[in-house]
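*Asks:* Sequence:
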Amino acid sequence: MSLPNKKELVAIGRIIKSRGVKGELRVFPLTDRLERFFDLEKVFIEREGLNVEELTIEYVREISGQIAIKFEILDDRTIADSYKGAFISVSRDDTYELEDDSFFLFDIQGLSVYDSEENHLGSIKEVIQYPANDLLLIRSETEDILLPALKQYIHSVNLEEKKIIVTIPEGLPTYPRGSF
Numbered sequence: 381m382s383l384p385n386k387k388e389l390v391a392i393g394r395i396i397k398s399r400g401v402k403g404e405l406r407v408f409p410l411t412d413r414l415e416r417f418f419d420l421e422k423v424f425i426e427r428e429g430l431n432v433e434e435l436t437i438e439y440v441r442e443i444s445g446q447i448a449i450k451f452e453i454l455d456d457r458t459i460a461d462s463y464k465g466a467f468i469s470v471s472r473d474d475t476y477e478l479e480d481d482s483f484f485l486f487d488i489q490g491l492s493v494y495d496s497e498e499n500h501l502g503s504i505k506e507v508i509q510y511p512a513n514d515l516l517l518i519r520s521e522t523e524d525i526l527l528p529a530l531k532q533y534i535h536s537v538n539l540e541e542k543k544i545i546v547t548i549p550e551g552l553p554t555y556p557r558g559s560f
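Residue 381 is where the sequence shown starts when you use this note's numbering, and the numbers rise one by one after that.
It is worth saying that the hints were derived from the structure and are not from the lab. Keep in mind the model is a prediction, meaning the values are calculated, not measured. One or more hints might be untrue.
[What the hints assert, rightly or not] Listed below are the simulated DSSO-like cross-link pairs for lysine-lysine, each with C-alpha atoms no more than 27 angstroms apart in a straight line:
#: 1; residue 1: K422; residue 2: K397
#: 2; residue 1: K450; residue 2: K397
#: 3; residue 1: K464; residue 2: K422
#: 4; residue 1: K531; residue 2: K542
#: 5; residue 1: K464; residue 2: K450
#: 6; residue 1: K422; residue 2: K450
Model the full assembly from the supplied sequences, consistent with the hints where possible.
*Replies:* Okay, structure coming up:
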């Protein structure tokens with residue numbers, strides 16, 4: 381079996397550190413659904429500068445809103461420490477089905493942004509997550525705009541055309557390009 385290309389993978393967690401002496405890892409979840417980890421038998425590990433690895437999960441448990449995970453091949457802390465900072469990923473085909481009008485953050489990054497009169501405003505550079513609501517960082521040639529990701533401002537998202545139609549609220553500040 382060949383491993384997927386990194387572009388076909390979706391990160392669901394990032395390894396923070398090893399935990400204990402038997403190779404357990406502490407993981408910061410990058411998903412809203414912690415139960416996601418408990419449904420998996422195998423995952424892909426993406427480490428900086430190394431090839432993607434597929435690892436089999438021995439067990440998973442939740443600790444204070446984070447995940448502790450033990451892989452079958454990791455049996456000591458020294459080896460586990462080498463995975464610090466790595467991403468735990470699944471293939472795109474293994475992502476959860478979303479509700480209507482919901483999108484994965486990685487799907488909307490890079491989309492071209494237009495107002496309701498089809499004026500090009502820039503593209504989505506990043507989605508910044510906050511507890512109240514997410515912000516879309518829209519970058520144009522000259523400025524950055526932080527638009528709240530709320531239905532009242534987002535009229536349509538077309539992933540096939542890589543296009544999003546928005547309304548910029550009156551008085552919303554703009555910032556010099558590259559401020560964020």
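*Asks:* Would you mind marking each hint as holding or not holding in the structure?
*Replies:* A quick look at each hint next to the structure:
1. Restraint check: the Cα-Cα separation between K422 and K397 comes to about 20 angstroms, which is no more than 27 angstroms; the hinted pair holds.
2. The suggested pairing of K450 with K397 holds, with an alpha-carbon distance near 12 angstroms, which does not exceed 27 angstroms.
3. Taking the CA atoms of K464 and K422, the gap is near 18 angstroms; set against the 27 angstroms cutoff, the hint holds.
4. With a CA separation close to 18 angstroms, the supplied pair K531 and K542 stays within the 27 angstroms bound.
5. For the proposed pair K464 and K450, the alpha carbon gap of about 13 angstroms is at most 27 angstroms, so the pair holds.
6. Restraint check: the Cα-Cα separation between K422 and K450 comes to about 11 angstroms, which is no more than 27 angstroms; the hinted pair holds.
Checked against the numbered hints given earlier, the structure satisfies every one of them.
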